[in-house]
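So the protein sequences, as listed, match chains H and A. For the first sequence, the numbering used here assigns the number 998 to the initial residue and increments by one for each residue that follows. For the second sequence, the numbering used here assigns the number 313 to the initial residue and increments by one for each residue that follows.
No lab work stands behind these hints, which were simulated from the structure alone. Among the hints, erroneous ones may be present.
What the hints assert, rightly or not - Examples of chain A residues lying across from chain H (beta carbon under 7 Å, computed):
1) 368
2) 375
3) 427
Unchecked claim - DEER-style ranges, computed between Cβ atoms:
4) 1239/H to 435/A: 51 to 57 Å
5) 1282/H to 426/A: 43 to 49 Å
6) 319/A to 1097/H: 42 to 48 Å
7) 1237/H to 419/A: 21 to 27 Å
8) 343/A to 1056/H: 22 to 28 Å
9) 1008/H to 319/A: 56 to 62 Å
To be verified - Residues of chain A placed beyond 12 Å of chain H at every Cβ, according to the derived structure:
10) 314
11) 315
12) 316
13) 318
14) 323
15) 344
16) 347
17) 351
18) 354
19) 355
20) 424
21) 426
We treat Cβ as the ideally placed atom computed from N, Cα and C, and that holds for glycine.
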Amino acid sequence: MSALDDLLDGHALAGLLALASAAAGGAAVGLADTDGHVVAGRPAGAIPPRDHPIALGDRVVGSVVGGDEVPPELLALVARSLELLLAGARDQANQARVGGEMAIGRRIQLSLLPRRFPDVEGWTFAAQYEPAREVGGDLFDAFAVREQADRIALVIADVTGKGIPAALLMADVKALLHAATDNADGPADALRRVNAVLVRERATSLFVTAALLVVDVATGQVRYASAGHEPPLIARCAGWVEQLEASGPILGAFGDAAFEEHMATLEPGDALTLYTDGVTETRDASRRFYGEDRLLANVTLACGRPAEEILRAIVDDVTAFRGDAEPFDDLTLLVVERRPR
Amino acid sequence: MNTTIDRVSPEVAVLALDGELDASNYRELIETGSGLYADGARCLVLDLAQLSYMSSSGIVALHSLALVFRGQQPPDLEAGWSTFHAVSADTAEGAVADQVRIVALTPAIDTVLERTGLKRILPVYADRDAAIAG
Chain H
998 MSALDDLLDG
1008 HALAGLLALA
1018 SAAAGGAAVG
1028 LADTDGHVVA
1038 GRPAGAIPPR
1048 DHPIALGDRV
1058 VGSVVGGDEV
1068 PPELLALVAR
1078 SLELLLAGAR
1088 DQANQARVGG
1098 EMAIGRRIQL
1108 SLLPRRFPDV
1118 EGWTFAAQYE
1128 PAREVGGDLF
1138 DAFAVREQAD
1148 RIALVIADVT
1158 GKGIPAALLM
1168 ADVKALLHAA
1178 TDNADGPADA
1188 LRRVNAVLVR
1198 ERATSLFVTA
1208 ALLVVDVATG
1218 QVRYASAGHE
1228 PPLIARCAGW
1238 VEQLEASGPI
1248 LGAFGDAAFE
1258 EHMATLEPGD
1268 ALTLYTDGVT
1278 ETRDASRRFY
1288 GEDRLLANVT
1298 LACGRPAEEI
1308 LRAIVDDVTA
1318 FRGDAEPFDD
1328 LTLLVVERRP
1338 R
Chain A
313 MNTTIDRVSP
323 EVAVLALDGE
333 LDASNYRELI
343 ETGSGLYADG
353 ARCLVLDLAQ
363 LSYMSSSGIV
373 ALHSLALVFR
383 GQQPPDLEAG
393 WSTFHAVSAD
403 TAEGAVADQV
413 RIVALTPAID
423 TVLERTGLKR
433 ILPVYADRDA
443 AIAG
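Sequences are here, hints too, so could you generate the full structure?
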């Protein structure tokens, strides 16, 4: 494929050559490829005495050719016009490629989000996923743990990257987390298994932060572990917020990673809030961060309310804080409420 | 983000970061650090006193620099999936690795490094002299 194909496929070339020919009193003006063959305009085949190179970047891709009667400035002008057309076509192709990649990444990412939440008596789920313009790598999930009645696993995760590579890694991590949670002895063991696979078999420049919680829906007991992720929150219906801190490194970066596991209990009326740094790192027009303090204060005010209302309170406050500023990261939240008796 | 290089000896370079380290500039940081390694530096001291913010891209940059100063190639950030199986894991178990050192950790950056586990491969020192001495 020749670099001139974009010109030969378009309509501008013939008109430009005809115009140049007319300006030179009807003299032959044509376009030649790098082998010297005239591929458009006149005269076909023969190589006219005058030419002016057409450059794309630092590469000569062809030339504008004409007879002795064609002024060199006119050849230069036509060559320059064709260079601009070629550069425009190339930029457009690049934009289409990048845009296409982003769209594919976005489709993969959306396909990973749960279509519905587990149907559990006494528990309510609410989630928000608001993608930024550039595709990020956020994921949330809620699923019943295999062969363990009353156990629900909650996942929130964030890949440090964008586009198709981030989306593919997220698909991988989602499947690994499911399998590990089903087979492991608790969330810390599950994260350890997923990390081992990522380090051993899928070494990458991308990393994943994740929080994994296993909830006993009969008792409200929560076992949780974290891989470098923002600590999930418990909004106590009595009116305060607890951060579920558990130390553990990002997934995929350290071969010998160890993960802490802790426990908490969700009483009726309490709610869990899982979020990604897209929430706390939302910026306003003057580039200030929304921040953890404001999030905690806001969730404290929403304590004791249903999952959907807690979610709405956070999203509304973050959106109001952001104002007209462009969202630069995905905004992802999962709220799980143990309904009051 | 601005970077200032202080080449205290042929083997040791101090790189001071000023501003925000995020997706817009983390590749430059990797290139700057890789350039210092190519130029003979074998110990990199990162002075983070004036670093006000570090996103997850910053984690990738610091991790990559730790690989570079161990004499490994960091994964190609553009190549994506094809590199996933091509590079080896970074931490040989039990290996002592302190080629990249941190000084002047602010509380905000400290939280990020602690939470992500990066402090495991990036020892933190109280000041430049302590970091250079190792």
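Here is what the structure says about each hint:
Look at residue 368/A: its Cβ gets to within about 4 Å of chain H, closer than 7 Å, so that hint holds up. The beta carbon of residue 375/A is positioned within 7 Å of a beta carbon in chain H (closest approach about 6 Å), and the interface hint is therefore held. Annotation: interface hint on residue 427/A holds; nearest CB of chain H at approximately 5 Å, less than 7 Å. Remark: the range hint 51 to 57 Å for residue 1239/H to residue 435/A is contradicted by a beta-carbon distance near 32 Å.
Distance hint for residue 1282/H and residue 426/A: a CB-CB separation of about 31 Å, inconsistent with the stated range 43 to 49 Å. Between residue 319/A and residue 1097/H the C-beta distance comes to about 44 Å, which sits within the given range of 42 to 48 Å. One distance hint, 21 to 27 Å for the beta-carbon pair residue 1237/H and residue 419/A, holds here, with the actual separation near 23 Å. For residue 343/A and residue 1056/H, the hinted distance range of 22 to 28 Å is satisfied, since their beta carbons lie about 25 Å from each other.
A C-beta distance of roughly 58 Å is found between residue 1008/H and residue 319/A, which places it inside the suggested range of 56 to 62 Å. Separation of residue 314/A from chain H is adequate, the least Cβ-Cβ distance of about 16 Å exceeding the 12 Å criterion. The beta carbon of residue 315/A sits about 20 Å from the closest Cβ of chain H, which is more than 12 Å, so the claim that it is off the interface holds. At roughly 22 Å, the least C-beta separation between residue 316/A and chain H is larger than 12 Å, which holds for a residue marked as non-interface.
Residue placement check: residue 318/A keeps its beta carbon more than 12 Å from all beta carbons of chain H (closest about 28 Å). Non-interface call for residue 323/A relative to chain H: holds, since the shortest CB-CB distance, roughly 26 Å, exceeds 12 Å. Distance check on residue 344/A: its Cβ is at least 17 Å (rounded) from any Cβ of chain H, clearing the 12 Å threshold; non-interface status holds. Chain H leaves residue 347/A outside its interface by the beta-carbon criterion, the shortest separation being 18 Å against a cut-off of 12 Å.
At roughly 23 Å from the closest C-beta of chain H, the C-beta of residue 351/A stays outside 12 Å, upholding its exclusion from the interface. The claim that residue 354/A is not at the interface with chain H holds, since no C-beta of that chain comes within 12 Å of its own (minimum 22 Å). For residue 355/A, the shortest C-beta to C-beta distance to chain H comes to about 21 Å, beyond the 12 Å cut-off, and the non-interface label holds. With a minimum CB-CB distance of about 9 Å to chain H, residue 424/A fails to clear the 12 Å threshold, and the non-interface call is violated.
Distance to chain H contradicts residue 426/A as a non-interface residue, since its nearest Cβ pair spans about 8 Å, not more than 12 Å.
Checked against the numbered hints listed earlier, the structure breaks hints 4, 5, 20, 21; every other hint is satisfied.
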